[in-house]
Amino acid sequence: MLTKALMKKAMQGETDPKQLEFYVTVEYYSHKKHATDNVDINNLFPPIKHGVPVKPGGVPKAKGSPAASKPASKKEERGILENVRDWWKDFDFWDWGESSGTIKKDKPPTVQKPDGRSPAIVKGEKPTSTCICKEQYKDLIWGGKVSCEFRKKVVKMSQTLGLPQQNLEGANWLMAVMALETGRSFDPTIGTFKSNQDDNRKGGYVGLIQFGRDASIDLGVKRSALIKMTAEKQLDYVEKHFLQKRFRGKLNTKTDLYLAVNYPNACGRGTEKNYVVYDSTKAAYDDNPMFKRESNEYYIDKRGKKQYYEGRAGKSYVWEFEEAINDYYNEGKAVKTTTFTCQNVQASTATAKDLVTYHIYSDGKIEKHIPKIIKEENKKKYKYIYHDKEGSFHEMGTYNIIPTQMVGGKTGTMVNLINFDKVNKTYKKGVYQYTFNVDSPRKYVNEKTLASLFGAMLEVNYNDISCNGFSHSDGSSRPSVSHINGKNGDFKYLRKDKRLMFGDGTSLDISANPGMLDDVRQNKWNSALYKFGWKSMLGWSYKRNGKVHYLNHLPKNTKNHHHHLHLQGYNPNYKEIKE
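For the sequence shown, UniProt numbering gives the first residue as 1, with consecutive numbering after it.
Worth flagging that the hints you see were computed from the coordinates, not collected in a lab. Here a beta-carbon is modelled for each residue, glycine too, at the ideal position from N, C-alpha and C. A couple of the hints might just be wrong.
Unchecked claim - Computed spacing ranges between beta-carbons, pair by pair: (1) K372 to T558: 39 to 47 Å; (2) S195 to E376: 51 to 59 Å; (3) R303 to S195: 23 to 31 Å; (4) E395 to M290: 43 to 51 Å; (5) R303 to R184: 17 to 25 Å; (6) K535 to T413: 21 to 29 Å; (7) N419 to R248: 18 to 26 Å; (8) D497 to W319: 16 to 24 Å; (9) T160 to T230: 46 to 54 Å.
Said to hold, decoys possible - Lysine-lysine pairs mimicking DSS-like chemistry, simulated, CA-CA at most 30 Å apart: (10) K250 to K333; (11) K578 to K353; (12) K273 to K250; (13) K575 to K531; (14) K372 to K336; (15) K380 to K531; (16) K524 to K498; (17) K233 to K152; (18) K250 to K498; (19) K245 to K422; (20) K336 to K498; (21) K410 to K380; (22) K496 to K547; (23) K240 to K282; (24) K428 to K156; (25) K556 to K496.
Construct the entire structure; sequences and hints are all you get.
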């Protein structure tokens, strides 16, 4: 029942006193809370104009402000200022304590040291200038040969391709392949096409992976266009080459990655050392002498230089390709960049003053801060910041939101989705790190669940998290019906070998292969996901020494969940704060 006092109280914050808006929270068994939608109620009492009330001279301690989080003063400790009782929590009150004292005119102001998790403290952090290449890509092999932008794109490409991410392994594979193909130059114009730029001729190769006529046709680009591109732009076509359907699930080793360039039909045979890639009946055999590594395929001349026989019968085996790519891989370790001329990327100064910002805390709490005024260019952008248990914060990025009609909701009811392809797939700062991929066409996540995912990943700091998808761009989840609006997601089970898996058939079946399951890490991951909002999960049991075990928060087996973990029941510790 709404009393007259409550009605008058509500009027104080309304711009239209004719109609009042109420937000109701119901607390029931075990202190669980449920919040309703806002309810508009016509005002029973006509507004009365009053003079402007005079507020006490002190400064109000707004909830969540630095003043509210500061330690108690000596006067408060001695009882000079009364403690405020719980029943005052619904009213405004003022910090009115006074004391006499002196101050010198040249006395500098006291600066409060940041403490606690107040969003206001986050806004007060002094922005720092950093170089992304120096912090994240400095260990990329052959990095001294290319630009910061090139290094950045190669790392991003390795994530898209689902290559190993720990210590930039997959990105290093790509660099080794391009070093070999360009003779260590990384020159996008290098190759035999340069001397005769006729797109119709069969011969002639160009660029970072020596695109030939057939390869360029497959990619829908002419060699005459490739040769005019910068190295950074040409990387788009390198990625497009590896993303072809014929290579799906086959890029398992650096040898496979190179075979996808040199002889695509052999890609996927990278672990079969004695597999014959081609023999002397193919022109490629004599055209690629670096793969002639058997003693009868070369000789040492008088000057001690290795020379290769031509026209002889012979074969090129996978092990010879493996040795060659490893040579370039190891050589590249000494050619990492030591000077960082990339543009300094200043930590974003956009805060809750002009940008909607999610603050994610290590204790599981999530706050969405909505500023009073949002810049026009920021109206469809959300920023994410993680606060670790030591009090430091980590910027997870700023991403475009996609307002989408809620599946199952009334017309006009929208949800905000974010494209996973745009989200940083790897992060590292001190001991806090993650690496993940999205192995599904359902690549859209809800704005709020993205915050929870960041929190869970930085809780466990794993580099082999593979997501099997959330929702499609329209909020649906066809053919599934349980992943709508970007809230419920699927993840592969974690493996003992810590491999980041990608591709069809790469999900670990813990029913058939329980020994491959890293149950210790999986239990921590389940608990982290639960902590940050997913209160229900579907999965499968596993066996150890003949005994059946259930993973954390999985009390029973659910049909068809022996190869992935399903998250549902999303109910995070969430608060929305309007400035």
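Against the structure, the hints come out as follows:
1. For K372 and T558, the Cβ-Cβ distance of about 46 Å falls inside the hinted range of 39 to 47 Å, so the restraint holds.
2. The supplied range of 51 to 59 Å is met by S195 and E376, whose beta-carbon atoms lie about 52 Å from each other.
3. The hinted window of 23 to 31 Å between R303 and S195 holds, with their beta carbons roughly 29 Å apart.
4. Distance hint for E395 and M290: a CB-CB separation of about 44 Å, consistent with the stated range 43 to 51 Å.
5. A C-beta distance of roughly 22 Å is found between R303 and R184, which places it inside the suggested range of 17 to 25 Å.
6. The hint said 21 to 29 Å for the Cβ distance between K535 and T413, and at roughly 23 Å that hint holds.
7. Between N419 and R248 the C-beta distance comes to about 21 Å, which sits within the given range of 18 to 26 Å.
8. As the Cβ distance of D497 to W319 is approximately 23 Å, the hint placing it in 16 to 24 Å holds.
9. Checked against the hint of 46 to 54 Å, the C-beta distance between T160 and T230 comes to roughly 20 Å, which is inconsistent with it.
10. Under the criterion of a C-alpha separation no larger than 30 Å, the hint pairing K250 with K333 is consistent with the structure, at around 25 Å.
11. In summary, the hint linking K578 to K353 is supported, as the alpha carbons are separated by about 11 Å, within the 30 Å threshold.
12. Annotation: proposed proximity of K273 to K250 holds, straight-line Cα distance about 16 Å (limit 30 Å).
13. At roughly 15 Å between alpha-carbon atoms, K575 and K531 fall within 30 Å of each other, so this suggested pair holds.
14. Between K372 and K336, the direct Cα distance comes to roughly 47 Å. Violation of the 30 Å bound is thereby established for this hinted pair.
15. Taking the CA atoms of K380 and K531, the gap is near 28 Å; set against the 30 Å cutoff, the hint holds.
16. Under the criterion of a C-alpha separation no larger than 30 Å, the hint pairing K524 with K498 is consistent with the structure, at around 14 Å.
17. Distance restraint check for K233 and K152: the Cα-Cα separation of roughly 12 Å lies within the 30 Å cut-off, and the hinted pair is therefore satisfied.
18. For the hint pairing K250 with K498, the CA-to-CA distance comes to about 18 Å; that is within 30 Å, so the pair holds.
19. Distance restraint check for K245 and K422: the Cα-Cα separation of roughly 22 Å lies within the 30 Å cut-off, and the hinted pair is therefore satisfied.
20. The suggested pairing of K336 with K498 holds, with an alpha-carbon distance near 26 Å, which does not exceed 30 Å.
21. For a cut-off of 30 Å, the pair hint linking K410 to K380 stands: about 22 Å separates their Cα positions.
22. About 19 Å separates the Cα atoms of K496 and K547, which keeps this hinted pair within 30 Å; it holds.
23. Between the alpha carbons of K240 and K282 the distance comes to roughly 27 Å, so the proposed pair stays at or under 30 Å and holds.
24. This hinted pair checks out: K428 and K156 have alpha carbons roughly 14 Å apart, not beyond 30 Å.
25. The hinted pair formed by K556 and K496 meets the criterion: a straight-line CA distance of about 23 Å does not exceed 30 Å.
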